[in-house]
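Work out the full structure, taking the sequences as your base and the hints as a guide.
Chain order of the listed sequences is A and B. With numbering that gives the first Met the number 0 applied, the first sequence has no gaps in its numbers, which climb one by one up to 426 at the end. With numbering that gives the first Met the number 0 applied, the second sequence has no gaps in its numbers, which climb one by one up to 426 at the end.
Hints listed in this document are in silico derivations from the structure and should not be mistaken for laboratory results. Being a predicted model, the structure only gives us computed values, none of them experimental. Each hint should be verified, as a subset may be incorrect.
No copy labels: a pair is met if it fits in one copy or bridges any two.
[Claimed, not checked] Only pairs whose alpha carbons sit at most 25 angstroms apart, straight line, appear in this in silico SDA-like list of lysine to any residue: (1) Lys344 <-> Val121; (2) Lys202 <-> Ala169; (3) Lys105 <-> Gly384; (4) Lys49 <-> Glu83; (5) Lys202 <-> Leu75; (6) Lys202 <-> Thr320; (7) Lys166 <-> Arg94; (8) Lys344 <-> Gly104; (9) Lys344 <-> Gly205; (10) Lys202 <-> Arg224; (11) Lys202 <-> Arg216; (12) Lys166 <-> Leu107; (13) Lys120 <-> His375; (14) Lys120 <-> Glu356; (15) Lys166 <-> Val121; (16) Lys105 <-> His375; (17) Lys202 <-> Ser217; (18) Lys49 <-> Glu119; (19) Lys166 <-> Lys344; (20) Lys120 <-> Asp357; (21) Lys120 <-> Glu108; (22) Lys202 <-> Glu14; (23) Lys105 <-> Val121; (24) Lys120 <-> Phe389; (25) Lys120 <-> Val106.
Protein chains: 2
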Amino acid sequence: MNDQAARNDGETRSEVRAKAMLAGTAARRMASLATEEKNAALLTMAEALKAEAVSLIEANRDDLERGRANGTSESLLDRLMLNEERIASIADALRLVAELPDPTGKVLETIERPNGLRIEKVSVPLGVIGIVYEARPNVTVDAAALCLKTGNAVVLRGGSAALSTNKRIAEVLRGALERTALPPDALQVIEDASRSSVDEMLKLNGLLDVIIPRGGRSLIDNVVRNATVPVIETGAGVCHTYIDASADAVMAEEIALNAKVQRPSVCNSMETLILHEDFARQRLRALADRLLERGVELRGDERALALVPEAKSASEEDYGTEYNDYILNIKVVNGLGEAAAHIAKFGTKHSECIVTEDDENAVRFLNEIDAAAVYHNASTRFTDGCEFGFGAEIGISTQKLHARGPMGLPALTSSKYRIYGNGQVRP
Amino acid sequence: MNDQAARNDGETRSEVRAKAMLAGTAARRMASLATEEKNAALLTMAEALKAEAVSLIEANRDDLERGRANGTSESLLDRLMLNEERIASIADALRLVAELPDPTGKVLETIERPNGLRIEKVSVPLGVIGIVYEARPNVTVDAAALCLKTGNAVVLRGGSAALSTNKRIAEVLRGALERTALPPDALQVIEDASRSSVDEMLKLNGLLDVIIPRGGRSLIDNVVRNATVPVIETGAGVCHTYIDASADAVMAEEIALNAKVQRPSVCNSMETLILHEDFARQRLRALADRLLERGVELRGDERALALVPEAKSASEEDYGTEYNDYILNIKVVNGLGEAAAHIAKFGTKHSECIVTEDDENAVRFLNEIDAAAVYHNASTRFTDGCEFGFGAEIGISTQKLHARGPMGLPALTSSKYRIYGNGQVRP
Numbered sequence: 000m001n002d003q004a005a006r007n008d009g010e011t012r013s014e015v016r017a018k019a020m021l022a023g024t025a026a027r028r029m030a031s032l033a034t035e036e037k038n039a040a041l042l043t044m045a046e047a048l049k050a051e052a053v054s055l056i057e058a059n060r061d062d063l064e065r066g067r068a069n070g071t072s073e074s075l076l077d078r079l080m081l082n083e084e085r086i087a088s089i090a091d092a093l094r095l096v097a098e099l100p101d102p103t104g105k106v107l108e109t110i111e112r113p114n115g116l117r118i119e120k121v122s123v124p125l126g127v128i129g130i131v132y133e134a135r136p137n138v139t140v141d142a143a144a145l146c147l148k149t150g151n152a153v154v155l156r157g158g159s160a161a162l163s164t165n166k167r168i169a170e171v172l173r174g175a176l177e178r179t180a181l182p183p184d185a186l187q188v189i190e191d192a193s194r195s196s197v198d199e200m201l202k203l204n205g206l207l208d209v210i211i212p213r214g215g216r217s218l219i220d221n222v223v224r225n226a227t228v229p230v231i232e233t234g235a236g237v238c239h240t241y242i243d244a245s246a247d248a249v250m251a252e253e254i255a256l257n258a259k260v261q262r263p264s265v266c267n268s269m270e271t272l273i274l275h276e277d278f279a280r281q282r283l284r285a286l287a288d289r290l291l292e293r294g295v296e297l298r299g300d301e302r303a304l305a306l307v308p309e310a311k312s313a314s315e316e317d318y319g320t321e322y323n324d325y326i327l328n329i330k331v332v333n334g335l336g337e338a339a340a341h342i343a344k345f346g347t348k349h350s351e352c353i354v355t356e357d358d359e360n361a362v363r364f365l366n367e368i369d370a371a372a373v374y375h376n377a378s379t380r381f382t383d384g385c386e387f388g389f390g391a392e393i394g395i396s397t398q399k400l401h402a403r404g405p406m407g408l409p410a411l412t413s414s415k416y417r418i419y420g421n422g423q424v425r426p
Numbered sequence: 000m001n002d003q004a005a006r007n008d009g010e011t012r013s014e015v016r017a018k019a020m021l022a023g024t025a026a027r028r029m030a031s032l033a034t035e036e037k038n039a040a041l042l043t044m045a046e047a048l049k050a051e052a053v054s055l056i057e058a059n060r061d062d063l064e065r066g067r068a069n070g071t072s073e074s075l076l077d078r079l080m081l082n083e084e085r086i087a088s089i090a091d092a093l094r095l096v097a098e099l100p101d102p103t104g105k106v107l108e109t110i111e112r113p114n115g116l117r118i119e120k121v122s123v124p125l126g127v128i129g130i131v132y133e134a135r136p137n138v139t140v141d142a143a144a145l146c147l148k149t150g151n152a153v154v155l156r157g158g159s160a161a162l163s164t165n166k167r168i169a170e171v172l173r174g175a176l177e178r179t180a181l182p183p184d185a186l187q188v189i190e191d192a193s194r195s196s197v198d199e200m201l202k203l204n205g206l207l208d209v210i211i212p213r214g215g216r217s218l219i220d221n222v223v224r225n226a227t228v229p230v231i232e233t234g235a236g237v238c239h240t241y242i243d244a245s246a247d248a249v250m251a252e253e254i255a256l257n258a259k260v261q262r263p264s265v266c267n268s269m270e271t272l273i274l275h276e277d278f279a280r281q282r283l284r285a286l287a288d289r290l291l292e293r294g295v296e297l298r299g300d301e302r303a304l305a306l307v308p309e310a311k312s313a314s315e316e317d318y319g320t321e322y323n324d325y326i327l328n329i330k331v332v333n334g335l336g337e338a339a340a341h342i343a344k345f346g347t348k349h350s351e352c353i354v355t356e357d358d359e360n361a362v363r364f365l366n367e368i369d370a371a372a373v374y375h376n377a378s379t380r381f382t383d384g385c386e387f388g389f390g391a392e393i394g395i396s397t398q399k400l401h402a403r404g405p406m407g408l409p410a411l412t413s414s415k416y417r418i419y420g421n422g423q424v425r426p
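Put into structure tokens, the structure is as follows:
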């Protein structure tokens, strides 16, 4: 490492660490705020965003110009782009978070012991939450709102493509917090856009209580594989729909079509359709036509190809790929056992569906398939915090610790035990 | 790396990975077992241990002899030692686990959605649990019992000092499982006693759902700092007792004495006593005499030393040390704020106590102190699964994700969402 690199490295370390420490101090104050104070702050933040729309759009223009100069794709530029309307909708989202119930400070459990001790398990904020994400400015506001609502401090590290926008958002929101009961230091935006700032966050044990990655697979994998700070893994979804022999044909086709084409770019959309051979023989041809009509490229196993010869042959790699696109694997099986084995091998434990009129098979599928969400006769597209009635979502956990599936506000809390005695000692 | 090292390294990888994969296959079967089948298996395991006492003691003798030859301390040898009585008590512990309620398969929450979807959140096993621990053979049995009871498979990696004992325990318990509904592969003992087998476990993302370290600080730190598999951090406790100005003097002294000397070697014992200056002036001398009488070495700040001149001066390092021994730091403060600041700086977020008759101070302490367990007028020694009424304990979590404080059987479960529809698709 040369001197300049060493200096840069030193500066990186100090920005991330310094901001995490400021967040830690703020977190202690955050934990004792009243719900009303937090809600009022969210409304003030919403107002500030709308009032500063012009300067936000200006900062955003820098990012867009830089992106264009770097040859960024139009679809990514669109995700990055802010205009008055989008800013208004981001501000509205803040107001919705303010209206949600506060999950902290609840007595979750009370235990009375024979020795007279009364033990209360109470929900409390997690502390300092790190969010590592890509170039969507709305995530900056959204993640901040959810973390602050739950009494946490947050350290945000967004993608370099949105750096100017995120810096300006941080200025506006921290400025707004100055006029509230919340410490502005509860909201930290990392400005170092180099890889090393992420690397450093991943190892900040003791300063960050959890890191939540939001973004594509490579971002998530990098966080999961390198973090020693506790992580909530979110996202990747290779989701299956299994149509059983007894399925209602109309229902099955509507569910399969919806799971694939209603919004193929998201994690809860279907990547592989598994059909019982009896169903396939009678209905696959018609279903395939509907999928082809909607522009879906089909890849099948041998038995599917026999029925839909225009499909390509599906490879093992295809079965493990989250396409997030108008592409679908089709596999024909001789029953639930073979379907379950395929899902166990290729699924990412996100969302899996069985369409069947056979209750025994439904129960078996729902019990035996190991996934965050298992469906009987409904589209996997419902795996979503808002669709579950949570009002907001910080992500969809595909791991088993702490939270699994769509994560609403309670996923951003921990608990502590409060023990009330009158002099009890251990004999 | 020479050939031999490479070969050893290759073998290591294959033992750990192969056993984790066998455990994964067994985990799928474990998840659908009935509570009665799991309980029956625990009783069979208990019988087998008693029936094989002679061969267990023989294997244990190898470990003891090797330990003696290596100059292992008598106290460690005592922890390692098995005799008929200890085996009987380990077998009894298995029977107690069989009697506990099964926390899996419970509907934790039901959500009815306007579109007719019914969403159930159900408790399920975590999957495959890795346990990394030291040389106590009872942990091998105990951890296995708790994991199997909750429908999990377990990969146990105990210390090399207990290797012969653990191998024999595994043979006996796996042999017992052959006669039950449980797959013997749900119980795996790693025989490679080299450091590299632990290193490999820590990176087995996708094969292990969680790793729980049990042991001393260096073992826990190694796991936390190097694991990319989700970890539940357990253990380290630098616990404080703060005696407020208004404290009942007799109660305060009994609590302080109990927290220090009832069992100094455990994580929930007190390492630092913090006293309000008014209380210290009137009572510290007498309390110090009682502590000295019990053989406690005292280390104090300047104000404590003025009242107890025979104490040594406490360093910053002392305040951060988990002595697990008859040593106590004493600090005198001007009030709750100074006490809380000291705890925030040196505490490990394990167990903290205030002794006070002032309810306002009690509430402030219980709300503001960030720890797994916060006590009003009771000894920190109660932070323990059995004392909390959980019936068993896999450890005490000092992190905030998933579980915090004493972990009973529910800490070894995750959840999944079962969604029941009648053809719902996302509009």
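Structure-based check of all given hints:
| no. | hint | verdict |
| --- | --- | --- |
| 1 | Lys344 <-> Val121 | between (39 angstroms within a copy, 23 angstroms between copies) |
| 2 | Lys202 <-> Ala169 | within (24 angstroms within a copy, 36 angstroms between copies) |
| 3 | Lys105 <-> Gly384 | both (21 angstroms within a copy, 22 angstroms between copies) |
| 4 | Lys49 <-> Glu83 | within (8 angstroms within a copy, 75 angstroms between copies) |
| 5 | Lys202 <-> Leu75 | neither (29 angstroms within a copy, 33 angstroms between copies) |
| 6 | Lys202 <-> Thr320 | between (29 angstroms within a copy, 23 angstroms between copies) |
| 7 | Lys166 <-> Arg94 | within (22 angstroms within a copy, 60 angstroms between copies) |
| 8 | Lys344 <-> Gly104 | between (42 angstroms within a copy, 24 angstroms between copies) |
| 9 | Lys344 <-> Gly205 | between (36 angstroms within a copy, 12 angstroms between copies) |
| 10 | Lys202 <-> Arg224 | both (11 angstroms within a copy, 8 angstroms between copies) |
| 11 | Lys202 <-> Arg216 | both (20 angstroms within a copy, 18 angstroms between copies) |
| 12 | Lys166 <-> Leu107 | neither (38 angstroms within a copy, 42 angstroms between copies) |
| 13 | Lys120 <-> His375 | between (35 angstroms within a copy, 14 angstroms between copies) |
| 14 | Lys120 <-> Glu356 | between (43 angstroms within a copy, 22 angstroms between copies) |
| 15 | Lys166 <-> Val121 | neither (36 angstroms within a copy, 42 angstroms between copies) |
| 16 | Lys105 <-> His375 | between (33 angstroms within a copy, 19 angstroms between copies) |
| 17 | Lys202 <-> Ser217 | both (18 angstroms within a copy, 18 angstroms between copies) |
| 18 | Lys49 <-> Glu119 | neither (42 angstroms within a copy, 39 angstroms between copies) |
| 19 | Lys166 <-> Lys344 | neither (43 angstroms within a copy, 31 angstroms between copies) |
| 20 | Lys120 <-> Asp357 | between (42 angstroms within a copy, 22 angstroms between copies) |
| 21 | Lys120 <-> Glu108 | both (5 angstroms within a copy, 18 angstroms between copies) |
| 22 | Lys202 <-> Glu14 | within (14 angstroms within a copy, 29 angstroms between copies) |
| 23 | Lys105 <-> Val121 | both (5 angstroms within a copy, 21 angstroms between copies) |
| 24 | Lys120 <-> Phe389 | both (22 angstroms within a copy, 13 angstroms between copies) |
| 25 | Lys120 <-> Val106 | both (6 angstroms within a copy, 20 angstroms between copies) |
Checked against the numbered hints above, the structure violates hints 5, 12, 15, 18 and 19; every other hint is satisfied.
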